[in-house]
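J.: For reference, the chains in residue letters:
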Amino acid sequence: MAGKEIMSTRWTRKDLLGLRELSVDEINFVLETADAFKEVGTRQIKKVPALRGKTLMNFFVEPSTRTRTSFELAAFRLSADVINISAPSSSLTKGETLKDTARNLEALHADILVLRHGSAGAPQFLANRLKASVINAGDGAHEHPTQALLDLYTIRERRGKIAGLNVAIIGDILFSRVARSNIFGLLKLGARVTLVGPSTLVPREFEKLGVEVSHKIDEVLPRADLVNLLRIQHERQRREYFPGLGEYIRLFGLTKERAKLLKPDCLIMHPGPINRGVEIDSDVADGPQSVILDQVTNGLAVRMAVLYLCGGISV
Amino acid sequence: MSATIIRNGRVIDPANKRDEIADLCIAGGKIVASKSKIRNQKSESEEIDAKGLIVAPGLLDMHVHLREPGFSHKETIESGAHAAAAGGFTTVVCMPNTAPVADNPSTIAWIRDRAAAVACVNVLPTGAISKNLAGEELAPIGSLAQAGVIAITDDGHCIQNHELMRRAVEYARMVDLPVLDHCQDYNLVGNGVVHEGYWSTLLGLPGWPAAGEEVMVMRNILLAELCNHHIHCQHLTTAGSVRLLREARTRGVKISGEVCPHHIALTEEAIQNFDTHYKMNPPLRSQEDVDALLEGIADGTLSVLCSDHAPHADFEKEVEFDAAPFGIIGLETELGLFIDLLVNKHGKIDIARLIEMYTVEPARLLKIDAGTLSAGARADVTLIDPELEWTIRIDQFQSASRNSPFDGWKLKGRAVRTIVGGKTVWNL
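For the protein sequence lines, the chains are A and B, in the order given. Be aware that the first sequence starts at 751, since it is given in the working numbering, and climbs by one per residue. Be aware that the second sequence starts at 799, since it is given in the working numbering, and climbs by one per residue.
If you are wondering where the hints come from, they were derived from the structure by calculation, not from laboratory data. Remember, predicted model here, so these are calculated numbers, not experimental data. Every residue gets a Cβ at the ideal spot worked out from N, C-alpha and C, and that includes glycine. Mixed in with the good hints, there may be bad ones.
To be verified - Facing chain B, a subset of chain A residues (Cβ under 8 Å, in silico):
no., residue
1, S869
2, H892
3, K958
Claimed, not checked - Stretches of chain A that chain B covers, calculated by requiring three or more beta carbons in the stretch to come under 8 Å of a beta carbon on chain B:
no., segment
4, 844–856
5, 945–957
6, 1039–1046
Claimed, not checked - With a straight-line Cα cutoff of 20 Å, these simulated SDA-like cross-link-like pairs (lysine to any residue) come out:
no., chain 1, residue 1, chain 2, residue 2
7, B, K1115, A, T851
8, B, K1210, B, D1148
9, B, K1115, A, N878
10, A, K966, A, R1008
11, A, K881, B, D1148
12, B, K1115, B, A1068
13, A, K849, B, K828
14, B, K1115, A, R879
15, B, K828, B, G850
16, A, K764, A, N778
17, A, K849, B, D1120
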């Protein structure tokens, strides 16, 4: 476990809002801290007192099971007290503003607020106004920093490094906060990133971020060291972006046939939830190259690290 | 009869191609040709020393939202008029997106009565093009004309049905009202909140593409030709709009365009911290668009300057970026910003042309009797100190709202006295 003095020089943030604002050293420090916490999960008693006496509020304005559960469990393992609030049970449905709701939570002495929200920038909005730590658990199509950190952790764990790897992120990039956070993190750590998907969901504008854009998956797969498949998000697509799922699978789905193009040691990742048979074939998702469940396990360690680091600053 | 002599100022009156150091005389609420006319009246006369100041016709902002009736927590006709006076404006043209919507003669009568009772500047109402701004049926445009509107517009909204727009323009021609249009294609723009480009991609905010404006500018050019009647495109923001407008005006099409200060003072980069004070419709654009707007101002393609003064209460703006209302206030900052940007910084036009774009140009377009210092004209006068260095302070605004991104900006040049009908309504 990192000592307090090291922490104070390598980590000074009360909030985690996104990967775009983090330095390479900060990202590495979170990953190193997660190493120490991963070990906790293998103990008989899976609990440390790091956040004992602290109160964490899981404030999920947009629905989520996986991320909320992961944060909740991470907080339990750090001995924090946890309250879950979801949008339907909050006063937001009675017309209260986000600011007022959050200030009320703070008046209850919340130390850490984990926010999932449909609007890009909502965590920053709260972080600027609250003394509590604000952890972004996904804001609109903007960032999902803990997802990208756990992806980085998983890659590093499996491949020993990130610099120099060829990474393909495939699917709905335009509406994906996971894609943006991954792009920022991977580029900072020296990976080469190619975005793959239909031109409507992977516009050329992304090239300005420093990545390649391709609409030909068969050309990208053979040179990839890992592929990160994103879910096709029906619920976000209010307008026409592609002709239908059948055509999507034909052009971009990671079918069994296409998976043969991959290098034998290429990792297959997916932030979940998976649409089996759409962006990825069922067998491929369960195959030996898949690290999808490792991502889930590592997510716990990474979130413990993030809560520990930010929670330690907000005191 | 009271009289005023404004001494030794630089009198700039573009309507009469006048630019000289002179005295300006006012008597009985009107501009008079010479001092002798005043002496003959044996009046007590006030003297204003205008040495070093510009004496301009009262400025006219043809695009403001005064929010009354319906939204008096944002602004009232009274507070908005004070803001106008403090910004150097003697006349403002207010938009019809009130509650009730100004789509009927009685609401117009209410606005005019209210303005006559409480406004310290001239307030000229516009009427809606479509009933309830819904873009489905024509508002009673002829009755609105009789009630005293000076133009029709669905500002804040945009009629998507080209056939309906065509009939509105044809009908407006009959009653001699110009048509003002907020150019936005709803399908292309969708739920866009910021310019579609680098920053929308980076931040994951829904994009508002430039083409969403340009499609409607093109539509308006075609309809202005078809109907042989004037259409004025409001708050233009893109390089494509400037190009389309330039080509059409060269051919003599009855089309014009206006520009707001924020669209040249700022770019899309300003949104990167999700500050809703930078959220407006149309959105802040790219540097290339800003450069094109500056060229459009320099060559006369864009002929009118205005604010799109859009007050909102703090609690309405202090929300998530997606959820915040569009718009910023501008009456008290626009003149300083435009002098500083167009004349001082970029040197695109001189101060005389700037004054023309705030007086003669909108007055001609709206066919109203304003914007000149000719003898006999109503004595609406703005005194401008082009050298005065000042800092924008939102806590000193006369407006009832504070939603401006320009707090703390240091500028050179501002209005120091505003005179309406011979009476000083604001003095720095």
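J.: Quick one: which hint numbers does this structure break? Sort them smallest to largest.
T.: 6, 11, 13 and 15
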